[in-house]
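> Could you fit the two chains together into a complex? Lean on the hints.
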Amino acid sequence: MTDQPDRLGQGGRIDRSRALSFTFDGRAYAGWSGDTLASALLANGVHLVGRSFKYHRPRGVYAAGVEEPNALVTLRKGGRHEPNVAATTVELFDGLVAESQNRWPSLGLDMLGAIDRLPPVFAAGFYYKTFLGPTRKAWMFYERLIRRTGGMGKPPGQPDPDRYEKAHAFCDVLVVGGGPSGLAAALAAGRDGARVVVVENEPVLGGSLLARPRGGESDAWLAAAIDELAALPNVRVMTRTTAFGAYDNLVFGLAERVNDHLAEPPPYQPRQRYWVLRARRAVLASGMIERPIVFGNNDLPGVMLASAARCYLNRYAALAGRTVVAFTNNDSAYDAAIELAAAGADVSMVDVRRQIPGQLERQARDAGVSLLLGHAVGGANGRRAVDSVDVIEFDAASPSAGAVKSRLPCDLVAVSGGWTPTLHLLAQRGSKPVFDETLAMLVPEVVPEGFRVVGGAAAEEAPLAGLAPERSLATIAPVWAIADPLGARPRKKFVDIQNDVTTDDISLAHLEGYEAVEHLKRYTSQGMGTDQGKTSNLNALAILAGLRDEPRGTVGTTTYRPPYTPVSIGALGGAGTGQHFMPVRRSPIHDWHQGNGAVFTDAGLWQRPWYYPKAGESLDAAYVREAGEVRDGVGMVDVSSLGKIDVQGPDAADFLDRVYVNNWRSLPVGKARYGVMLRADGIVLDDGTTSRISEDHYFMTTTTANAGVVMTQFEFLLQAAWPELKVQVTSVTGQWAGIAVAGPRSRDLLARLVVDLDFDNDAFPFMGVRHGHAGDIPVRLLRISFSGELAYEVYTPADYGEELWRAVHDHGREFGLVVYGTEALGALRIEKGHVAGPEIDGRTTLSDLGLERMASKKKPYLGGALMEREGLTEADRPRLVGLETTDRGTKLRAGAILCQPGRHQGHGIGVVTSVTYSPALGGNIGIGLLAGGMSREGEVIDAVFPLRGEVVAVRVRSPHFVDPEGERLHA
Amino acid sequence: MLRIACPYCGERDQVEFAYGGDASEGFPELADSDVGRWTKFVFVRENPRGVHGEYWHHQYGCRQWLRVVRDTVTHQVHSVAPARQGDRT
Ligand SMILES: [Zn+2]
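Sequence lines, in order, name chains U and R. Read left to right, the first sequence gives residues 1 to 971 (our numbering). Read left to right, the second sequence gives residues 1001 to 1089 (our numbering).
Excised from the complex, chain R in its bound form (with noise of 0.2 Å):
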């Protein structure tokens, strides 16, 4: 089980934190309206065997969102950064 530390509140359990999903994929522009933008954001996945870039939320404790950088392999987790900072892993 993995331990984060939220930028926030310090080390926390894993429990505390929703999963959100790959961050390597930056946010469309809104007034993007082409569908394979979106559909690469929404739907198109890497399953990369090595270091990961994702989203969590910190669902029970501050609530924000958090870039973590883990490495799918062995669990470790090599940073945690606020999702609104920081380049896009």
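Just chain U, same shape as in the assembly (with noise of 0.2 Å):
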């Protein structure tokens, strides 16, 4: 631990009640409470923080606040660690350990600084130049090194431990920003009653206030107002919180950091919260930037924005420099120079105006501040951090630079360049500031319905009352950027310091015709980044509008959007992360397959039994031989996931017959009937089957994937397509349990289970339906097959569901019954060439599933016009064929590409959508999509996957491998 050499005596902001330790690159520093990690490191004379991005030039502390280029620290340790945080915005905690980043093997000491004595391998437009084209290749070579070299800070590599939340606001007024002129908004509003949120991005209100010296007039306004704000029930305030983003109808996002100024969350509260807010009126009260004017070597450590040099003065207590020379085009730099005089600096003031106001001249020659009228700061000397500049004579309406006039030692430049208003929310919501001539800088326009803009924001100098008046904004002399003086070694000279863009690169872009001020951002990058530009954007554009000879206010700006600040993607998920992003369903039956062994499987959101595997036992035998007993006996499987709606209505048989392909007006009471519906535009969007309950009830199954689909599209064709049905459509999903029973012995089963119902075949007949009870149990029967067996399906109100699976399981006993997961129901369906999922994938067409003669000619159907359509009915489009590996014992793969033999190229002929072992067939076999389908039949081609270089020859036959005729069915 050391001392703190540069942190005054007294004065700030700064609690020295309570003195806190960090560590920075493992080096171990104190600083106060109400320190940010960057006036801690300047209090400590830390002035180097960082290499930069491209050239690895040393770098310091720019500025004071979030837009704050260069000072990129890594936070934390193991799941906490966050890459790329500016130190401005960080409040210092005890304990804090941060690490500067880009640098290798040490700050110090910086093996990849070579990189910038290079010729201008970096300039714009590298990348595009060097590995595009012929030159392509080169970027497999070169790229592991360029990542190495270029970026930031590394992404952490573990989870994050911490908790984040989502919350919704209402308010009457919102006011952005916790500076005078927003505190002044909020107690207007709030005095009169209405529900007033003010938003700060710092952790205490007051703003510009805060960087004027403690003690004055100001603070006890301050004092006040934060003190009547407390006192109204009506107004929220909201510090550590930033409004990053305006969104349509006066919504806003606004990211609050709850408890990032602590080591870690305490129990039970979150590290961030995303907050929508909705307001009935906002007031814009986000101030002002300040830029800088561009010179030479001006990202060495100890340059600064002048504003920023009196923030750390004034309310860190941190005197950034005790040699300073101050470089401006404006007033309020005077104000730095002063007080850093008061402080006891000595303080050089270059200002490029040969004449300034005569109050200014007067109270900068009295605090002792030596003045250089009519110069400029030529360039910066220095090798880890500025010790000289080199000063000439300016004239502004001469462009070229002088020669060096003179060397002023300092150790610390105090840059201003004039100020631009903060108006991100504003152009978010398209209403693009506008370049005023007088003031140099970007002001509102056009202002849209609601919204406010007011003090700084609206270049507005601070007219409060009771508060004295900032210095002038229209004083100022527009310089944007300084050449090299005459004869000097030509010095990089920095407009955009985060992503190293000077002002050679612009000059280059222009050159090569990018020259619009969007073309110059993606060329040179310059405005990305963490910053976003929000000191370098209106310098870049000035240059451009030179280079392009063009007043400023014709080049326009980028495009502005959220977030203003980073936001982390913690906050924006909020609370739904891992198990938590999506819900999860449960069948009824859940608890039992969790306590028999079962290992589930994801289907949509539902969780599934996968198979249920008895000791040391893996997928592949588990289901293997769960579907070799289903055929041979009988087993169960839960099938409550299976969507279901319920129909009902006079005109119910006719709404079936618009929206399945086949016809339903015959369908008896009693029976039920497999069907396939269409989307509009005649690809198939389902299957499943319906039975008549009674003369104007229906019960449908979907598929489990699409049952909100078909749902949705239900409700949108009777209420807004045919309102003239009388149909009521109800999900009824969750309402039913449903097991399926199958194989040759299920009706032996059922029938010693349901005693009140006949199951004979003739009283009970393949596609019968019958309601009957499994003792208390009500269950309504369907006699349908997915597995190609003798078997039924047995519904049941869910909250009967695992009775009735323990009833179905105890009786089973005696007839060997087996318990099968889906991975079993699918090898089942295979060889029974049932479609499903994989083939109606959204892109298939009832001819491609081998489906078409369901159609019926004699009734039109949804989707029926468009199935015709051209492109749908190519004769040579891929259609289901079965496929059977010739060597019995070689695995198919879900995916893998149909090609003729030996020629893999292209897409190939097919696809192969679904595989299994077949226990019934003693084989591996699939079903797929062939061009040609049963065309094809006999045939052996190649099923190639390419991602692992496997290639096996498979026959094409038909898709119904096991009972083709169907007689199990019937049985």
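Everything labelled a hint here was simulated from the structure, so no lab data went into it. Careful, some of the hints might be misleading.
Claimed, not checked - DMTMM-like cross-link-like pairs, simulated, lysine to aspartate or glutamate; straight-line CA separation at most 20 Å:
(1) U:Lys858 to R:Glu1029
(2) U:Lys671 to U:Asp758
(3) U:Lys726 to R:Glu1029
Quick caveat: nothing in here was measured; it's all calculated off a predicted structure.
Here it is, written out as structure tokens:
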């Protein structure tokens, strides 16, 4: 631990009763409560805090707020490791661990700094020129090297252990910014009784007032304002909160850093909270951000914005330098110069203007500031920090720079090129600011309905009652960049310090035709990154306008998009991570499955039993056993996740006729029918079975995956397209539990269980629907089959689900009943050639799936017209086939491309959609979609899986591998 | 973000609704087997700058389909009505 050599003995808004310790690059330092990491580093005399993005140049603290382009660090360790954080926005806490970035092996000795002295390889457009076109292959070679040298901090390698929240809020007036004008607006609205929310990015209110010397009249005003707001119950003040986005209808996105100022959040508290706030009106009091004047080596540690130097002095009692050169084209930097001089620094003021307001000149001279009017800083010198500047005579009317007139030693250059109102939220709403020639700044033009802009953001000069006015904005002499002095060695002049974009890069981009602002941004990367060019955008536009020889106002600005400052993905995601990303649906029989060793698989939101392994049994062994035992005896599977829709009403049959391709009017009560429905565009949407329960009542099942889509389509058709139909559809998926009992002994089993029904083949034929009881449990039985075996689906109200399951299971013991999961279910359906999700994939038609004979010729149905459109009727469309590997032991892979033998090119001639080992056939089989379909029956072709370098020979055959005549079904 | 005044549920947030596409083209007669007519209904869309009639489904509310007239520039919602009523716009 060291003392703080550059901390003043008194003053500042820090709490000297609360000492904090922290480390930077492993070295321990001390700071005070109220510090930022940046102010604490400066107070400790640490000026070198990072290396630059491309050139690995030494960099220091440049600003004092969210606009910081330079001082990016990595915070914390492990899962809380967070790269690319601006040290100026980090509240110091005890035990904070920060690391510098983009240096190797260490900050002081960075081997890659040699890049800076190479010829200009990394100039604008470097990637495009070097790695596109004939030299593209070079990228493969250089990528790893470039990835190591370029870039920023490293991403975290562990999951974030913290919790995040989302919340909604509503108010009459949102005030963005807790500086003097924001507080004044909040007070006015709050006194009127409006529900006010004040959002302030910093941990404390006050804004620009905090950078003024402590103890002045503004502090009294601020304290009174804070007290009054706190006493108003209708005003909510949210500090540590950024309004990062403005959206339609006065909706705002806020990021609240609830516990970023602590090492870790207290128990049960979130790290951050994302707010969606709706306001009736919004007051933009977001202030202004200072911008620099560009000059050679203006990126050296020790060069910083004049407003930042002032803020560090007055707010944090940290002296950023003792021998100071202030460089300006406007009045505001004089405050910093005068106050630094008063704090004991030796200050020279270099002002491009030949004349300045008389009062300003007197104040400066009285404070002991030496004045160099009509001069400019033509470049800075120093290795790891600035040690002097070269001063030239400056005449705004003459574009060329003169020779170096003098060299001023210094350890701080406080630069001001004027101010830019912070109008991001307004611009995000499409109201781009316009350039005001007099003020040399972007000002609001059209203010959208519901918005008001006040204070610095409106370029107002603080006319608040009780406060001394800020310096005049109108006396500025617009100067953007100072050329290299005559005869001097050329130096890099950084416009965008974060992205290492120099004035030469902008000239080059312009020369190569990238002269629109949006093109300039993409070509040079100016304005990108964590700071989004907050200190560089206007300079870049002005320099571009100069190159185009046009007024600055005509160049325009780039597009402003949310977020205003970086927002963590964690906050946007809220609690919706991991298991909470989506809701989970479980069958009413889930607990039984869990208690009996089921391995689960996800089917959409549903968790379904995948297979039930015996001790030591693999997936393959388990499903092959389960499927085999079903065909040999009887098995049961939970089908509760199937979509279920109750269709009722006098026009129900008419409705089914319209949505299914096949005929429904002829279906008698007590029978079920398989149906296929299309989308309006003629593609197959879903299939399932629908039973006629009574004259006007049908019970429909859909696939698990499409239940929601089908329901939504039905609602649209009945409400918007065919409102004349008297039909009610109700989703009853969750109301019923379903169990499929399949296999040659299923009848024997169920007859023992449901004693009030006659299971005789004539009394309860294939596709019959009956209602009965299993003991006390009411059941609806459908004699339908997905497996091709004699089978029944047994439905019961969901709360009876587990009881019914147990009853079937108990009665099944004497029949050798096997419990099977979705993998065996799939194996059985593939053996039978039934299409399912992998085949009904939103691209296939009835005839692709071999279902064209289902389509009724006697009635119209949805999708029927477009099913006939060009492209869907071509003869060579891939159509359903069965596939078996010629070597029975070789596995087939779903997704494999079907190709002519040896001709493994392009998209092939088809695709394998579903695969399984067939216990019935004793070999590996699949179904797929193949050009020419069954006309290729008997051909041997290749199933190619290039990702794994697999080629498997398959024979094309009927997809009905098992019992093609359907004898078992009807048995 | 939009606020949509559902005729059944009152003013609700956009997140409760699902966009359902252009409502300017009437649903063709089912018996109409003209591919061109259906193609126009399913695929051909204007992309107007300004007032646009469109379907929204109150999916996480009453599950009613609504006909919403919205300005695509300002996102102002001019009217909301049940899809089964009113003129097609
Ligand atoms: Zn509703």
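> Check each numbered hint against the structure and report the violated ones by number, ascending.
Nothing - there is no hint that the structure violates, so all of them hold.
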